[in-house]
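Asker: Read top to bottom, the protein sequences are chains A and B. Per the working numbering, the very first residue in the first sequence carries number 1; after that it's consecutive. Per the working numbering, the very first residue in the second sequence carries number 1; after that it's consecutive.
Note that these hints are calculated values from the structure, not bench results. Be careful, since some hints might not be right.
Each pair may be met inside one copy or between any two copies, as identical chains are not told apart.
[Unchecked claim] In silico SDA-like cross-links for lysine to any residue, where the CA-CA straight-line distance does not exceed 25 Å: (1) K127 with T203; (2) K40 with R8; (3) K127 with R147; (4) K127 with G191; (5) K127 with Q224; (6) K40 with R65; (7) K127 with K154; (8) K127 with Q42; (9) K239 with G220; (10) K154 with A77; (11) K239 with R198.
2 protein chains.
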Amino acid sequence: MFVSHRARIEIIGLRTLPEVRRGDDLARLVIAACEQEGVKLQRGDVIVLAQKIVSKAEGRMLNLRTVAPSPLAQTWARELGADPRFIEVVLRESRRVVRMSERVLLAETRHGFVCANAGVDHSNVPKSGWVSCLPLDPDASAQRLVRAIRTRRKIGIAAIICDTFGRPWRMGLTNAAIGTAGLRVLDDWRGRRDAHGRVLRATVLAVADELAAAGGLAMGKNAQVPAVIIRGYRFRAGKDSAQKLIRPAAEDLFR
Amino acid sequence: MFVSHRARIEIIGLRTLPEVRRGDDLARLVIAACEQEGVKLQRGDVIVLAQKIVSKAEGRMLNLRTVAPSPLAQTWARELGADPRFIEVVLRESRRVVRMSERVLLAETRHGFVCANAGVDHSNVPKSGWVSCLPLDPDASAQRLVRAIRTRRKIGIAAIICDTFGRPWRMGLTNAAIGTAGLRVLDDWRGRRDAHGRVLRATVLAVADELAAAGGLAMGKNAQVPAVIIRGYRFRAGKDSAQKLIRPAAEDLFR
Numbered sequence: 001m002f003v004s005h006r007a008r009i010e011i012i013g014l015r016t017l018p019e020v021r022r023g024d025d026l027a028r029l030v031i032a033a034c035e036q037e038g039v040k041l042q043r044g045d046v047i048v049l050a051q052k053i054v055s056k057a058e059g060r061m062l063n064l065r066t067v068a069p070s071p072l073a074q075t076w077a078r079e080l081g082a083d084p085r086f087i088e089v090v091l092r093e094s095r096r097v098v099r100m101s102e103r104v105l106l107a108e109t110r111h112g113f114v115c116a117n118a119g120v121d122h123s124n125v126p127k128s129g130w131v132s133c134l135p136l137d138p139d140a141s142a143q144r145l146v147r148a149i150r151t152r153r154k155i156g157i158a159a160i161i162c163d164t165f166g167r168p169w170r171m172g173l174t175n176a177a178i179g180t181a182g183l184r185v186l187d188d189w190r191g192r193r194d195a196h197g198r199v200l201r202a203t204v205l206a207v208a209d210e211l212a213a214a215g216g217l218a219m220g221k222n223a224q225v226p227a228v229i230i231r232g233y234r235f236r237a238g239k240d241s242a243q244k245l246i247r248p249a250a251e252d253l254f255r
Numbered sequence: 001m002f003v004s005h006r007a008r009i010e011i012i013g014l015r016t017l018p019e020v021r022r023g024d025d026l027a028r029l030v031i032a033a034c035e036q037e038g039v040k041l042q043r044g045d046v047i048v049l050a051q052k053i054v055s056k057a058e059g060r061m062l063n064l065r066t067v068a069p070s071p072l073a074q075t076w077a078r079e080l081g082a083d084p085r086f087i088e089v090v091l092r093e094s095r096r097v098v099r100m101s102e103r104v105l106l107a108e109t110r111h112g113f114v115c116a117n118a119g120v121d122h123s124n125v126p127k128s129g130w131v132s133c134l135p136l137d138p139d140a141s142a143q144r145l146v147r148a149i150r151t152r153r154k155i156g157i158a159a160i161i162c163d164t165f166g167r168p169w170r171m172g173l174t175n176a177a178i179g180t181a182g183l184r185v186l187d188d189w190r191g192r193r194d195a196h197g198r199v200l201r202a203t204v205l206a207v208a209d210e211l212a213a214a215g216g217l218a219m220g221k222n223a224q225v226p227a228v229i230i231r232g233y234r235f236r237a238g239k240d241s242a243q244k245l246i247r248p249a250a251e252d253l254f255r
């Protein structure tokens, strides 16, 4: 018996996107890169975009020369050996400071994501002295991409905006979803049965984060591949916000 | 200009493995499934195996009828509404109890992984009243697979044993690496430069976990696809243990 590869999934990194500037139309750039690289967008594709290019397109870059640090930012910048204006931006982007230590400023962003420096970042920013902040509404950014592809290519896709986050318990960063459109972000197997007919319990898979992580494999970390297409993964269509991936503090028994 | 797809990665789920039994040779089963499904193993492939089939092959299944619960297990089983023998197995598999609440028993396993029920699991177990425990040495399990493929197919691959873990801050489970062979589990970009020549800081990617998560996309949760081949990802060869993915408590500022 020969079995066909229904379970085959492809991760296609796009490498010909130009340096993204404020106001750029990301859907147009993604479509152009696909054409240049011989990739035909298909119904059911998941497009994963690195947060950095979304922030660039949406004007979420900030010149540190325009930032006046508060006394708190100045104090912590001394502790961390960091630029006080950078710390000031982090505090402005934070809804809550989770941990302030000599080694990291862990914060909850305005969206509710817990990450180092509230997602504010120096890397892969073309102009010296500038930093990038997370998109104000990454779900909306993902929705715009899905709508534009539907309008221009007449196909339904899903989109994920991702960033690399550190995790408790485990070393290293992994890509995680901060904005989503077109799919259910959690795949709930509770009540379904395993291969032996036993009802599954406590099994909710964070598929949007697994898709973001898979995209991360093609992205690397030097911004050469800021957009990735994942093809062949049968996601469940839906309108979930990436906010559904945030574990409410009251029920977070893993902390 | 037409650009070739050097950044293309494939996730190939194997769906013809038989129910794995104690003593089974997993390398032989994986090779047979590849042949049946028309997949030719290649140098540089990463084979991701679900913990469950490794535990089955290595005899890490336990009949609860052989387990006498301690008073502590009996007390907590009442709180959790669980089988006291199940809780007893969880306690025996634990090096440290991280949290005992009405909703979850979060434990550090003998290997140092922090997860619900110390990885002890009822699901996808063929015999009623039995549970599976994590492999005693998942790195050794991965190494055996790498060695067997080298011997039988004369090619170098990497192997990852994975399990689905809950995470702090974020909802849902994702696949994570608990045993590794043949690759470096962390990709350290510190000191390397971004696309604009700026030296990257604090950028260590947990590639083994991203590979495990990508494998998870093809696996689902009902054990129909317990082995996955990831092709086209250029990992760095190495001899890392998955233990390198455990963040030492003393420097875990994310908790």
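Asker: Going through the earlier hints one by one, which of them does the structure break, listed in rising order?
Answerer: When the structure is compared with the hints, numbers 3, 6, 7, 8, 10, 11 turn out to be violated.
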